[in-house]
Amino acid sequence: MKIDVKKLKEIVGEENVRDNIADLYVYSSDASVHSSKPDAIVRPSSIKEVQEILRYANKNKIPVIPRGAGSGMSGQTVPLSGGIILDMKRMDKIIEIRPEDVICKVEPGVINDELNRVLQPYGFFFPPTPSSGRICTIGGMIGTNASGVRSVKYGATRDAVIGMKVVLANGDLVTFGSNTKVDSSGYQLAKLMVGSEGTLGIVVEATLLISPLPKYRSMGVANFSALEDAGRMISETIAAGITPSMLELMDNVAITAVNNAQNLGLPDVDAIVIFECNGMLKEAVEYDMGRVKKVCKKNNGTGIRVSNDPDEMTRIYEGRKKLFPSLSKYREGLFTTALADDMAVPMSKIADTVHEIHVIAKRNNVVMSAYGHCGAGLIHTKILMDTNKKSQWEDAKHAVKEVYDYVHKVGGTTSGEHGIGFSKGPAFKQEKKDSLEMMKAIKKALDPNNILNPHKLMDSPDDWLTATPLRYQVTK
Amino acid sequence: MATKAINNSKHLKKYEKEMNMCIRCAYCFEECPVIKETQWDTDGARGKIIMSYGLLTGELEPSQYIADKLFRCTFCRDCLDKCPSNINILEIISSARADLVKAGYASDTHKHVIKNIKDTGNIYGDTEVISQEREGKIPLFIGCQYLGRPNKTKKYIKILEKLGIDPVVENEMCCGYPMEVLGFREDFEKHKEKFQKSFPYKDAITLCPTCTVFLREGHQIDAKHVLQVMLEKLPKANLDMKVTYHDPCDFSRGLKIIEEPRKILEKLGVEIVEMKNNKENSRCCGGGGGILMTDQDLSGDIARKRIKEAIETGVDILVTSCPTCEQVLKKAAQEISEDEGKSISVRNIEDIIWRGLKKSAEIS
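Chains as they are written, first to last, in our numbering: chain Z, 15 to 490; chain L, 1150 to 1513.
Do not rely on the hints blindly, as some may be mistaken.
[Said to hold, decoys possible] To give an idea of the interface, some chain Z residues facing chain L are shown, with a C-beta separation under 7 Å as derived from the structure:
1) Asn30
2) Asn34
3) Asp37
4) Gly147
5) Arg148
6) Asn314
7) Phe338
8) Arg345
9) Ser362
Think of the hints as simulated: they come from the structure by calculation, not from any bench. In this text, a Cβ means the ideal position worked out from N, Cα and C, and glycines have one as well.
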């Protein structure tokens, strides 16, 4: 079906529709490995405009793919069969802040850090802390159920979303959830929308729980000569009832990458764990930090350093902060790809999983690093490879499959915070095989014409490698 | 699996690896003045890298539309600070511009400026715009922007003299930065030789922040901005003023010259009230990268945003140390004054230094 660009321009204004090949090319990719062009990009500024666009698209069976910053790592905003990219960045109003109810209401295009800047004078913040917070939108965070380094204490976006307004595929506007923290009133459809990757409706307003800003925080670091000790330290910390606000692991590949690229002189050990506690009372924070230190020592942690000095805390976190850029420069000729990037496993399986990831990487001729918010069971990896080589993509494909097979075997899940999109489709479908038909039924009930971000999640292609053209050139 | 062919994009080809290192995270969106205005992904640094990649792989054919997009960048360097992969985004954009210019997509305005430099040695195309040669000890590079503002230049030279700095002024020609940034690289290669003959020094004092960066990067001259040189020599004064200071991008992010202008102002008894975005996080004035010539509306929108930020500080004077920032911000301040009735005066730091010296009775 050819898109009626004139009609779309009537809805949102001429300046908010583009179909030039250059724009389509730019909007054909995100931070994933995938690339596939839409037919048009449309930028609504109101609920009414979203409704009109969806009515038009539904009538003409045109795919509609919502997009915020386009920073997703799994291809959620990449269209497989063309259609309309709904760029939501213009819907960026903070509608209201209600400290007395501990909630705020925002449009989906609001940027995470901008919301926190506005909340700060009220003494509050929006707890999910993705590292892309400076540019990612609340809509995107809802789409993927994003979390971040502080998920160990505050949970993920789903925990903070209590209500929303949604435009359905047929253009109807519905309200899900409530303004209350507790809600036993039937199906929790607002929660269902979180993590649905734009496949069930377009979120046009979200009601979010906000948290009081902690007054004190303290950070520490410990080195481990055995990865297993670091893994045990993490799971014992959580099992002891301590709630750190950060519990991050860096494995030896990660440490080497940071040292190679940044010359930070991190110790050449099997693992480094960075931990942070925060709260309203200094004594409580110090008490918790003391308990974490004890768990470190019990598990053979060395070089333990704790500080509440802002400069020292910056220094402690520097290696972790610079890890991502360091991976890009780990070794000449290897490039970072967002594959098998955010699995979660039960806490007790972290060390085994990290170990297995390295075995799998070696077996498949790729480099994989393991790091992440292990206090929440989340492990980040990236596959470093020569993206020009066809054989490396096949290697990566095997590695990805083996990693997910292992993750599922130990009771973990395919994605902890980045979502499924295309890249994790095959693993997701394997993991959720018992509920795929139910998911399809829900999708069919809400979007009978399958216009909302089709070919994602349970409908994603069976092979991520051939799902779309790759955004890299493969010449060898 | 799709494979892509590479065409012969001479300049972009050098950055193929670097473009592959771009993880397309969009962190460069954060403070990019262009995407902040337009909110189109195509206008951010990531969009420009993606388009450049498309030109390199042949997935995109060169077009006027693409050229217009790639020339919509102020070269404010904020994306360089924000990029987690440390990619040289501006080199890639200027390489794409160079390939597009070679393919025939240069704007008439840009062509005109480059012709001016080739014909007359300055951006104005005016043979009357020349530096007043002066014998001395330390080479001083004036730069086109100050050559076009002879009174300011005279003032700066007089300040230097009073501070015991004895500058040599040659009959200089443009450093060639416009050729490099606007994609006329072949012209620059020819110009470079002429320039280096006309200015045969290994070190120099400069007046313009952009020339300072380019003398270093384009000509390997150890250039120091005049503010760096005069900081220690300036006497104290008591101007009893309150201002806000706008960091030129080439200063705060390019050369990391952040404290020197502030210390100079403090020394002269000027209190600085910082804007919300200051120092290395300063917002662009909208005047760089060539958009002032081809996209004045966008440039003006960016400048007005900066002026509004300055007005929020509650002071009456904005001081900057770049002639382009001064020009663009002055215009924006005037427009805001007319439209909204809120006013702020935009001054160049040389003016404040001059007043400070007069007040401290160092200048008669």
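Results for each hint:
1. Asn30: violated, 9 Å
2. Asn34: holds, 5 Å
3. Asp37: Holds. Min distance 5 Å.
4. Gly147: violated, 10 Å
5. Arg148: holds, 5 Å
6. Asn314: violated, 33 Å
7. Phe338: holds, 5 Å
8. Arg345: violated, 12 Å
9. Ser362: Check failed: Cβ of serine 362 of chain Z comes no nearer than 32 Å to chain L, outside 7 Å.
The structure fails hints 1, 4, 6, 8, 9 (numbered hints given earlier, in ascending order).
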